[in-house]
Each structure stands twice: as C-alpha cells, then as structure tokens.
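Going line by line, the protein sequences match chains A and B. At position 13 of the first sequence (counting the first as 1) the number is 13 in our numbering, and the numbers step up by one without a gap. At position 233 of the second sequence (counting the first as 1) the number is 233 in our numbering, and the numbers step up by one without a gap.
Hints listed in this document are in silico derivations from the structure and should not be mistaken for laboratory results. Take these hints with a grain of salt, some might be off.
[Stated by the list, open to error] The calculated EDC-like cross-link candidates involving lysine to aspartate or glutamate, where the alpha carbons are at most 16 Å apart (straight line), are: (1) Lys212(B) x Glu185(A); (2) Lys125(A) x Glu185(A); (3) Lys121(A) x Glu75(A); (4) Lys212(B) x Glu75(A); (5) Lys51(B) x Glu75(B); (6) Lys212(B) x Asp181(A); (7) Lys116(B) x Asp69(B); (8) Lys221(A) x Asp233(B).
Each chain, letter by letter, is given below.
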Amino acid sequence: MQINFLNDTKMFQEKVVLITGASRGIGRDLAVIFAKFGATLVLNYRSQDQEMQKTVELLSEYHSDPFICKCDVSEYAEVKKMVEKVLSKYGSIDVLINNAGISLPKFFMEIDENEWDLMIKTNLKSLYNCCHNVLPIMMERRTGKIINLSSVVAKSGSIGAGAHYSAAKAGVIGLTKALADQFAEYDINVNAIAPAMIDTEMIRWRSPELLKEHIERTPLKRVGYTSEVTGAALFLASEYANFITGYTMDINGGMYMD
Amino acid sequence: MFSLQGQTAIVTGASKGIGSVIALTLGLAGASVIIADIDVENGNKTSEQLKNSGIENKFVYSDVTKHLDVANIFETAISQFGTVDILVNNAGILSDRFITDITEQEWDAMIDVHLKGTFLMCRAVVPHMIQKRKGKIINIASMGGLQGVPLAGVHYCAAKGGIMAFTRQLALQISQYNIHVNCVAPGTTVTEMIRNRTEEQLNNIIRSIPLKRLGMPEDTANAVLFLASPYADYIVGETIDVNGGKYMS
Chain A
1 MQINFLNDTK
11 MFQEKVVLIT
21 GASRGIGRDL
31 AVIFAKFGAT
41 LVLNYRSQDQ
51 EMQKTVELLS
61 EYHSDPFICK
71 CDVSEYAEVK
81 KMVEKVLSKY
91 GSIDVLINNA
101 GISLPKFFME
111 IDENEWDLMI
121 KTNLKSLYNC
131 CHNVLPIMME
141 RRTGKIINLS
151 SVVAKSGSIG
161 AGAHYSAAKA
171 GVIGLTKALA
181 DQFAEYDINV
191 NAIAPAMIDT
201 EMIRWRSPEL
211 LKEHIERTPL
221 KRVGYTSEVT
231 GAALFLASEY
241 ANFITGYTMD
251 INGGMYMD
Chain B
1 MFSLQGQTAI
11 VTGASKGIGS
21 VIALTLGLAG
31 ASVIIADIDV
41 ENGNKTSEQL
51 KNSGIENKFV
61 YSDVTKHLDV
71 ANIFETAISQ
81 FGTVDILVNN
91 AGILSDRFIT
101 DITEQEWDAM
111 IDVHLKGTFL
121 MCRAVVPHMI
131 QKRKGKIINI
141 ASMGGLQGVP
151 LAGVHYCAAK
161 GGIMAFTRQL
171 ALQISQYNIH
181 VNCVAPGTTV
191 TEMIRNRTEE
201 QLNNIIRSIP
211 LKRLGMPEDT
221 ANAVLFLASP
231 YADYIVGETI
241 DVNGGKYMS
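Could you put the whole structure together from the sequences, leaning on the hints where they help?
Printed below as a string of structure tokens:
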C-alpha cells in the first residue's frame, strides 16, 4: 500500500457518502470536506430549510451537487424510504456518517419522560434506523465505513449537558463496538468520534462564564474547530484507516483522557 | 490530504519495521526526516530508500537510552533542517519471555529503550517546541499495554502501558504550548519482530482479530501521519487503536 499523500484529493471520487443532520454545524462542514475530496454527497436534514440552502450554496463552490433527503432519521419508515431512494439513484452507499442529533441541557430532575424518550429516539434510535437500512448494502458489496458522532460526555459525565444526552451518546459507543465486531467479516469498519466543545451553535447554551470555565479545564485552552472533527471523519472514512474498527476517537483538547 | 511540507520529523527506531514505514510515510507527505537508530546497516538502507523517493533525510546512529546520543539526534536535526516539528518515539524491542526467565538486565533493557528513551527524547525536544509554541509528539505504544496479549512478556506490556500514561501526563502539562502529545497502539503487526512465530501461532492470532488479518506497518504509519497533521489539532493525550477490532477501548 504505497500512497502519494500530496495527490490524493480525489480519494472519495466515486464514493457515495451519506451524512445525516447536514443542514448546519458539524454536519454542514462534513459535507464541505467530503466535497473537497470528490465525494458524491447525500445530505439528510429534518427541518431547517434555509440552513440547508446555505449548505448547498457552500457546496456549489466545490462543484458538488448533493442529493438532498429531507426526513426524520428517528423514524424508521422515513429512513427506509430515504435509503431506497439513494440506492435507486446511485446504486451504493460507501460511507455513512451518523451525525444528526439534538442537545437539551437540563438538570436530571427536570427531564420529563417525553424529553427522555425524545433524546434516546433522536440520538440513539436514529443510528439503529440508519445502520439497519444501510448495512445490507455494505454487506453485499463487502466494503463500507460507518462513523458515528458520540460526545465527550459519554465518558466524562455530563459537564452541563443533560444526563439523557450523556446516556444516548454512551449508547452510540456501545453500538459502534457491537457493529464493528459483527460486521468486520464483511470488511465494514465502524468507528465513533467523541468531540468536546466544538465551535458550533450547539455549545452556545453555555453562558460566557461557563464557557470560560470549560476552556480553563481544557489543557489546550481553547474550543475546537469543526475542521478538527471533520478531518478525523475524513481520515476514518478513508483507506488510511482500514485496520481501525470499534474505536472511539476522542477530540477534546485533553478535557478527558482515558 | 496530509501535507507536512516544510516540516522536520525525528523518527526513532526508523531503520526497519514500523519505524522505517513511518519515516517513509511522513517523508512522502513532505517532511524532512531524521532516521535515528542503533542499527547502522539498516539505517543507511532506509536512508537510501527515502532518498530515492525524493525525501530529504539524515541517518543518525544513536541509542535512545543514552542522553548524549539523544542530544546528538536533536542537534543534528537542528543543524540539518533548522527545526523539529514532529517527534515519533517508535524505538522498541519485543520479547515474550515468561516472568521467571526474564533476567534483571533484560527487564532494565526493556524499560530503558521504551520508557527512558521516550523520556529522554521528549526532554530534549520539548524546550524547542515550547519556544515555537508548536509541536507534535507521537509515541508508539501497543495493544499489549491495554490488555493481556499472547506472545509478549510482562516487561514489554508494562513498558507499553507506561508509554500511554507518560503520554497523557505530558499532554496535560504541555498542551497549553500548542504541543500535541498522542499515542498509536498497534495490534500484532507484520514485521521482523514476529519472524519467529510459527504459522499456527499467527493463524490463532488472526482468528481472534475481527478484521481477520494482521496489521501492516502502513496501518500504524497512516495513523501517525493523521496525528501529525493539522486535522488532529484538537486531539491530545489520545491513543489511536490500530488493531483490527481486537481490542476496543
């Protein structure tokens, strides 16, 4: 395996990459980096039409014409339909990035049952829905990469995020390991990424004081940039990471080192 | 994808095995490379091979357990290339002796080359990196430092586990200077180190790996390259498992 690293900007050409939750934040920047490296993009989002429009405009700079699938990935039937559409349009899915998710920072005693159920459904069951529908395609082709977005709070405790969020994100890691183990024989790699404070809308719930405190507790003394998450996803989705599976990559500036 | 143009990397134990492939990989990504090793013959061969691939490099004969040799590695890097941006502590030895067969000398040698070598190299390079407010240190640990593995001695696993603890603590202390300290922990990898294994032993290992193959030096080198790149600039104190799913930490 001899690779010319300076000349691999086409490494995702002819690869179909499905990214959920791509209308903004990390999902949007994931779309951009995979477009830069030549991927055929399928972008899912649920409700933010205007934000999705912005993502599409950004992508036009890279001559990328993404296939947009508006649906709720927490609903199995909708995911099934989405995957069928992708399959009939492109014939394959090479990379699945389970990025869609919500955050509802709240003290445990204030989380009602509906909120608990919604969190688990949106941040964990959605992965069941997507993996369950996409894996048969990857199994048949005996190749594939799945990357699941977890979070530092899956390992570190909540650091202000809700307990339901921590629990769902820890579930993501468990699912990642189980799928890695069960699908390795089909040469399918399943890995997770556990970011801490990345500079997106999602960290804005913190007050400036709380944000400052969290930065103080981070050895690198700063928040992370989306490029530092998307670059990791690019690596894990590439052939450079063919021997890595069941692994959770911590991207947290040293906030939590296990 | 990963350009290291204009950067200088020191790779210890780079004359053969995983180290030589790390040196080649970083070089192909554009870095100038210092090949540090105690093995002159293979060191010169690797140097020649890199040169033929158009990679600026210099072989430095050195024993990483000797502080004078370590100083020489660093000074050669500065005099040849003017800077050190990346340090890969890869030098190591493997032994599968049972505890009662390990002599005190063998214990010391094992701990020295992995742990003292990593300590001395970091101590030599860190002041330069602090001054520049920039640096990448990548230590090569092993799956044997994370879980019990067949065909490795307690001294080897203890040393590799120590490298990961060292990595986390150094990361905690010097991340504030924009220096990134991380590990790569390979599983059983196809190198000369496992040449004495029987086919049956290797087949047993392969059967236990979900991806049903042994690691290649390139698998580890690619993870090193990723950590050396700007894509990994928010990752510190981390160990990347490159083991085909054998151990999921």
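Check your understanding: So which hints don't hold here, by number, going up?
Key -> Failing hints, ascending: 2, 4 and 5.
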